[in-house]
Structure formats: C-alpha cells, structure tokens
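Visitor: Sequence:
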Amino acid sequence: MYEQIMEQITTKVMAGDWRPGQSLPSIRELASASSVSVITVKRAYLELERAGVIVTRQGKGSFVAETQDLAKQLVRDEFDAHLMGMVGAAHKLGMDGKEVVEHVSAAMVATAPDVSNSKAINAKTSTNSSLTRIIK
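One gets this note's numbering by counting positions in the sequence shown from 1 and adding 384 to each.
None of these hints come from the bench; they were simulated from the model.
Using N, Cα and C, we set each Cβ at its ideal position, and we do this for glycine too.
Fair warning: there could be bad hints in the mix.
To be verified - Derived Cβ-Cβ restraints for the label pairs, each shown as a range:
no., residue 1, residue 2, range
1, 490, 434, 33 to 39 angstroms
2, 419, 477, 39 to 45 angstroms
3, 461, 490, 23 to 29 angstroms
4, 417, 486, 15 to 21 angstroms
Claimed, not checked - Pairs of lysine to any residue, SDA-like flavour, derived with a Cα cap of 25 angstroms:
no., residue 1, residue 2
5, 456, 416
6, 482, 445
7, 444, 482
8, 456, 399
9, 456, 489
10, 456, 443
11, 426, 436
12, 456, 392
13, 482, 456
14, 456, 387
15, 456, 477
16, 482, 466
17, 456, 395
18, 426, 445
19, 444, 407
Model the full assembly from the supplied sequences, consistent with the hints where possible.
Guide: Set out below in structure tokens:
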C-alpha cells in the first residue's frame with residue numbers, strides 16, 4: 385500500500401501537477417482519507433524523502449522538494465528501470481546489441497511523443513482510487 389502512495393505522489397510531481405515547495409497532505413490526513421495506517425503513510429513519506437521527491441520540515445509538514453530538475457530526474461529514473469527490463473528481455477531472447485538498437489529505433493519512429501496523452505492516462509489511472517481524492 386505504501387508503494388501505491390509513493391507512486392501516486394511521484395506521478396503528480398513528474399507530471400508537474402505538484403510544484404516544488406507545494407505542501408502535501410499531513411500523514412494523519414492522508415491515512416484517514418485513504419483508510420490506511422498512519423505507519424503506512426509515514427513509511428511512504430520517508431521513502432519519498434530518501435528518494436529526494438519530498439522534504440519534511442519539523443512542525444510544518446511535508447513539501448515537494450525544491451530540486452530544479454526533480455521531475456526530469458524522476459522520468460529518467462523510470463526510463464532507466466524500463467531500459468534495464470528491456471535489456472534483460474533481450475538477453476533472454478538472445479538478441480545482440482544491433483538487434484536491440486534496430487528495435488528501439490523502429491519503436492521511436494513508430495510512436496510520436498504525446499506528453500498530454502501520457503498525462504491523461506496517468507490521471508485516469510489514479511482517479512480510480514480513494515488515495516487520489518486526498519492527494520490532489
């Protein structure tokens with residue numbers, strides 16, 4: 385459950401829906417609204433803080449980190465994770481580097497980047513959970 389909370393908060397930051405310095409719901413508020421333990425939300429916030437996504441100020445709450453390129457770094461981290469999965473699959477298939485590059489090149493040509501569409505998909509996915517109502 386804490387991973388879902390982390391994913392939804394990270395998605396909002398990556399999409400630019402939450403700006404640097406913007407406050408997050410309190411741990412108790414989010415726990416109550418999402419019907420999870422305070423400990424679960426606290427763990428999610430601690431992990432997000434370790435990852436540099438949020439900062440917590442004693443007595444003031446948690447905020448989106450002020451890092452200039454945070455959203456870009458989060459997207460790059462996500463890309464790297466997918467890339468490692470793709471490389472693993474290529475090894476299982478016995479593909480060499482040239483074949484992988486050809487497949488990636490073909491995919492890049494076949495798909496047009498549509499940032500607004502990915503934001504819409506993320507928004508649609510997250511609106512289905514009770515967590516999203518409080519994380520807005």
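Visitor: Run every hint past the structure and note whether it holds.
Guide: Against the structure, the hints come out as follows:
Against the hinted window of 33 to 39 angstroms, the Cβ-Cβ separation of residue 490 and residue 434 comes to about 38 angstroms, which satisfies the hint. The supplied range of 39 to 45 angstroms is met by residue 419 and residue 477, whose beta-carbon atoms lie about 43 angstroms from each other. The beta-carbon spacing between residue 461 and residue 490, approximately 25 angstroms, falls within the hinted interval of 23 to 29 angstroms. Taking 15 to 21 angstroms as the suggested C-beta distance range, the pair residue 417 and residue 486 does not conform, at roughly 48 angstroms.
Between the alpha carbons of residue 456 and residue 416 the distance comes to roughly 31 angstroms, so the proposed pair goes past 25 angstroms and is violated. Our distance criterion of 25 angstroms between C-alpha atoms is broken by residue 482 and residue 445, whose separation comes to about 50 angstroms. In summary, the hint linking residue 444 to residue 482 is not supported, as the alpha carbons are separated by about 53 angstroms, beyond the 25 angstroms threshold. Taking the CA atoms of residue 456 and residue 399, the gap is about 10 angstroms. The hint holds against a cut of 25 angstroms.
This hinted pair checks out: residue 456 and residue 489 have alpha carbons roughly 22 angstroms apart, not beyond 25 angstroms. For a cut-off of 25 angstroms, the pair hint linking residue 456 to residue 443 is broken: about 29 angstroms separates their Cα positions. Between residue 426 and residue 436 the alpha-carbon distance is near 15 angstroms, which keeps this suggested pair within the 25 angstroms criterion. Of the supplied pair hints, the one linking residue 456 and residue 392 holds, its CA atoms being roughly 16 angstroms apart against a limit of 25 angstroms.
Only pairs whose Cα atoms come within 25 angstroms are accepted, and residue 482 paired with residue 456 is rejected, the gap being roughly 28 angstroms. At roughly 20 angstroms between alpha-carbon atoms, residue 456 and residue 387 fall within 25 angstroms of each other, so this suggested pair holds. Our distance criterion of 25 angstroms between C-alpha atoms is broken by residue 456 and residue 477, whose separation comes to about 31 angstroms. With a C-alpha separation of about 19 angstroms, the suggested pairing of residue 482 with residue 466 holds against the 25 angstroms cut-off.
Taking the CA atoms of residue 456 and residue 395, the gap is about 12 angstroms. The hint holds against a cut of 25 angstroms. As the CA atoms of residue 426 and residue 445 are separated by approximately 12 angstroms, the hinted pair is consistent with the 25 angstroms bound. Of the supplied pair hints, the one linking residue 444 and residue 407 holds, its CA atoms being roughly 9 angstroms apart against a limit of 25 angstroms.
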